[in-house]
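J.: Sequence:
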Amino acid sequence: TSGRIVADPRYALRIIMNGRDADDDWGVGDVFQMYESLDEGETLTSILNTDGERINNYEFARSNPDVIYVSGQVDIHRSQDGGKTWNILPKRAFGEDVITGFAPMMLAVHPRQENTVWVTNTNAGGAVAYTTDGGKTWTNPLDENMKETPFCWIILTGDEVNGVYLGSANGAKVFYKDDTMENWMDY
Numbered sequence: 019t020s021g022r023i024v025a026d027p028r029y030a031l032r033i034i035m036n037g038r039d040a041d042d043d044w045g046v047g048d049v050f051q052m053y054e055s056l057d058e059g060e061t062l063t064s065i066l067n068t069d070g071e072r073i074n075n076y077e078f079a080r081s082n083p084d085v086i087y088v089s090g091q092v093d094i095h096r097s098q099d100g101g102k103t104w105n106i107l108p109k110r111a112f113g114e115d116v117i118t119g120f121a122p123m124m125l126a127v128h129p130r131q132e133n134t135v136w137v138t139n140t141n142a143g144g145a146v147a148y149t150t151d152g153g154k155t156w157t158n159p160l161d162e163n164m165k166e167t168p169f170c171w172i173i174l175t176g177d178e179v180n181g182v183y184l185g186s187a188n189g190a191k192v193f194y195k196d197d198t199m200e201n202w203m204d205y
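To convert, take the position in the sequence shown, counting from 1, and add 18; that gives the working numbering.
If you are wondering where the hints come from, they were derived from the structure by calculation, not from laboratory data. Just so we're clear, the structure is a prediction, and the values are computed from it rather than from any experiment. All C-beta atoms, glycine included, are put in the ideal place defined by N, C-alpha and C. It is possible that some hints are incorrect.
[Unchecked claim] Straight-line C-alpha distance at most 20 Å; calculated PhoX-like pairs for lysine-lysine:
1) Lys191 - Lys165
2) Lys109 - Lys154
3) Lys154 - Lys195
[To be verified] Here are the in silico distance ranges between beta carbons for each label pair:
4) Arg22 - Thr155: 29 to 35 Å
5) Gly59 - Asn82: 21 to 27 Å
6) Leu56 - Ile106: 37 to 43 Å
7) Lys191 - Thr103: 38 to 44 Å
8) Lys102 - Asp204: 40 to 46 Å
9) Glu178 - Asn82: 18 to 24 Å
Model the full structure from these sequences, guided by the hints.
T.: Right, dumping it as structure tokens:
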């Protein structure tokens with residue numbers, strides 16, 4: 019998953035980042051804007067205003083860096099033209115029971131497939147979903163014994179077997195699965 023500053027995979031001079039609310043004591047209260055810099059942060063230009071939805075995570079699609087995903091508390095925003103225009107994905111990854119309250123929605127974009135995105139939400143156990151069609155449909159891939167665990171971190175290997183690592187939000191549990199496996203492996 020991404021951090022607060024993300025570099026375009028083609029060249030490091032271009033970065034995207036979101037701001038922070040100066041009144042926030044936790045340091046996690048992001049403002050509702052995404053910014054782009056073409057000069058390593060010397061100047062910033064607003065490229066997305068979420069109209070009051072707190073920004074949690076963002077990432078370039080490495081297979082096509084003109085595609086950028088930004089997750090908020092509720093929706094996932096996508097640009098297909100390098101941040102010039104934005105749309106909200108057609109369907110939400112999680113229902114209202116998961117997206118209430120303050121919990122970050124983290125995301126990871128498959129390194130070789132720009133329409134494949136995995137998301138987690140720490141607000142509820144088992145809140146993991148992925149799409150392979152740019153958000154038209156979502157699937158929860160978890161085994162039944164994992165559905166009570168809140169997850170936060172996602173690493174997509176991008177290899178031939180589509181390996182996925184999931185890290186739990188509470189404690190230090192890591193799970194792994196790829197296309198050759200029927201069930202998740204608990205490390």
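J.: Could you run down the list of hints and mark each one as holding or not?
T.: Here is what the structure says about each hint:
no.	hint	in the structure
1	Lys191 - Lys165	13 Å, holds
2	Lys109 - Lys154	6 Å, holds
3	Lys154 - Lys195	23 Å, violated
4	Arg22 - Thr155: 29 to 35 Å	30 Å, holds
5	Gly59 - Asn82: 21 to 27 Å	24 Å, holds
6	Leu56 - Ile106: 37 to 43 Å	25 Å, violated
7	Lys191 - Thr103: 38 to 44 Å	39 Å, holds
8	Lys102 - Asp204: 40 to 46 Å	43 Å, holds
9	Glu178 - Asn82: 18 to 24 Å	20 Å, holds
In the structure shown, a violation is registered for the earlier hints numbered 3, 6, in ascending order.
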